[in-house]
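A.B. asks: Residue strings, one per chain:
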Amino acid sequence: MESKLIYHKRNFKKNLPGYLLLAPATIAVLALSIYPMIRGIFLSFMNYNLVRARGDSFQTFAGLENYKKIFVNEIFLKSIGNTIKWTLVNLIVQLVVAMLLALALNQKLRGRAAFRILTLVPWAVPPYIAVMTFTFLYSAQVGILNILAVRLGVVAEAVSWLGNKGSAFWCIVALSVWKGMPFQMVFILTALQGIPGEVYESAKIDGGSAWQIFWKVTLPIIKEPLMLTTVLNVIGILSSFYPWMMTEGGPLYSTETIYTFAYRQAFVNHDFGTASASAVLLFIFTTILTWIYLRIIREKN
Amino acid sequence: MKKRIMAIALAVTVVISMAGCASQSGETKTNANENSGGEEGSGETSENTDVAGADAAGAVQEGGEITMLVLNGLVSDEEQGIAFKNVIDQYEKSHPGVKVTLQAASAADIKQSFQTAALAGVGADIVMADNSGHAIDMAAMGLLYPLTEITTEEELLSLYQPGPLNSGKFRGEYYSVPWYMDCCGFYYNKTHLEDAGLEVPTNWEELSNALTVLKSKGYGGIITYDSAYAFYPFFYQNGCQVIDTSGEIPKVVIDNEEGKEAWNYICNIIENGGMVESFKEANNWSKVYESFANGEATFLLGGDWCAGAIDSLAPDLDYGITVMVEGKAPATVLGGFTWNINANCKNPELAFDLIQYINSADGDEVLFAEGKSSARKDFDYAKTLEGKEKLEILTTQFPYTMPRPAIINEQAIDELITNAIMTVVYGEATSDEALSSLAQKINENIQQNYQ
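Protein sequences, first through last, are from chains A and B.
So for the first sequence, the working numbering puts the first residue at -8; every next one is plus one.
So for the second sequence, the working numbering puts the first residue at 1427; every next one is plus one.
No wet-lab data here; the hints were simulated from the structure.
One thing to keep in mind: the hints can contain errors.
What the hints assert, rightly or not - In silico DSS-like links for lysine-lysine, alpha-carbon gap of 25 Å or less:
#, chain 1, residue 1, chain 2, residue 2
1, B, K1867, A, K156
2, B, K1677, B, K1754
3, B, K1677, A, K60
4, B, K1809, B, K1511
Taking the hints into account, I'd like the entire structure generated from these sequences.
C.D. replies: Right under this line is the structure:
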């Protein structure tokens, strides 16, 4: 027993520099991620409307009241549909575009390095700058999109793309795809570059078509990194703030997602209880999506 | 399995951290509350009452440190920033032992920035706040120091215009000292009007007619910010307060006879294509200026700040500014900023003294630099309007300028009104349907925040 204790002590002493090096990051994660997360779950069961801070019920246990409140809120119900649409559209489009680009950039093209850099540019642009640029592009007054659409006769008069219910959502999706696609492309490209040339050569010798080679050789090999990047991408898409930055969830909540709803509840309505409840539901939503995705991958395995 | 756990853990952290981070700000809420407020609605104070009861002059003489959270422009190398620094320096010189520290935030962030710090029991001693209900929210959270602990209602009323002063009145208590004020005015494109053979409209009927004629000539109608701001005057002009905040619990009156009439007038303008396309996306003022400067809109509803932006965008644009079109009575809506004292402030008397100094004639150079009008009753408008004569007409509206309803979550109310207008814009509801749904939603909001 004593010798075990001495062993642990020695071991600890030996690893102390490592623990010390890890400490700042661990403390940061605990303080800035884990604590707020636990606090968020806790608040979702509390009466925590800041503008009612002087009321008797403030900071009292609310049970499932906050959850009940948001499920009768028509904006929240709308945001669920929008979130599903937002996630699926973004995920599929980003994945397809990133895959195509990665496949193209994996070929021996002239100026490949330049193309690779160019495709990474959207990733390097700060989100706020990207929002401003796209807002400008869509402007009813000076937007290039309108100028082209009018000149080409697509529309008779300039249209407020971000101001119309039918188009605002797709305008934000376009920005999100443009901004998010390089992240996925880099992962796929890296995975593609790890495939030895002999694999393709033997597949070709065996008479495989380009499609067959992609489907039966390339895809199974890059499946692992693809899975990881897709999961990360889902999280990024779900927590995207572009709908708020561009239209504040409007017009008429047509671009409201659960994430923007949570923000609205917290910082417009000052109700952190319902804001936390919706964030917890978003977490559950994320978990389910991730689980489904991993399950599909496992079944295919 | 490991990957799955990793992925799920990552998802948990990212998603819930958002709400959790926000919640941290509320943790020490009780402290701020204890400092500033007593029983609900009573305006009573606990610890700070004793401090405030002390001799104000003595507290100022003792000196101390004061931190101010102001808009970015006041801490810049621009004319207004330099003027503000001068005023602060003068105050420090004339009050030895007093040190003033300036912090800055953008107009969009200042409220949230202060709120987060004050809820944690700290924050700047003095904060600038938009008079569109920001102070009401902060007062409801118990973050502001009640002014009658330092001064009297009579003194405040004798010094300041009633509109700006009432914008910071919550449950019978004053929380804000008005600094500068502005009001919504009527901008018009002279070239468009001349071409259409029209005079500048002065009342509702003339405005409707002008919009019809302009449309037939191919000119656009009205542009304004995509909010309730510029629509309030129509209700006020018709004798409808939108929300009656005189009682303990606000009462929705937007759907009374006068309200209905004003609402139908607004909807009528919209249904007849009186608003330009850019109105749908005007979620910031830049888009409003652009639309008017580019000639898309013939009329712009906005405050004095629009003039500078229009001039810089289109220096050759021939436009005029006048008072809002009149309904049954002249009325317009208030804009501007106020000073507010943090409930956590250790020396509220000193903070109030500094505010009074900035608000006095000694601090007017800051307002002159931007052509702003003080909310003080004895303010010299001629000086601030030197070289900006075009704006003079707007100051004639001050006697009948009314604040937006002093109600908790005014921003949410504004959003409800804007959305109701939008349902008419998109043809999703008739004006009657939109109004009755709006009244119901505002009632629900009030119920949630007051009862």
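A.B. asks: Are the hints correct? Go through all of them and say.
C.D. replies: Hints, verified against the model:
1. Distance check on the hinted pair: K1867 of chain B and K156 of chain A sit about 21 Å apart at the alpha-carbon level, within 25 Å; holds.
2. Restraint check for K1677 of chain B and K1754 of chain B: the C-alpha separation of about 22 Å stays at or below 25 Å, so the hint holds.
3. About 23 Å separates the Cα atoms of K1677 of chain B and K60 of chain A, which keeps this hinted pair within 25 Å; it holds.
4. Only pairs whose Cα atoms come within 25 Å are accepted, and K1809 of chain B paired with K1511 of chain B is accepted, the gap being roughly 20 Å.
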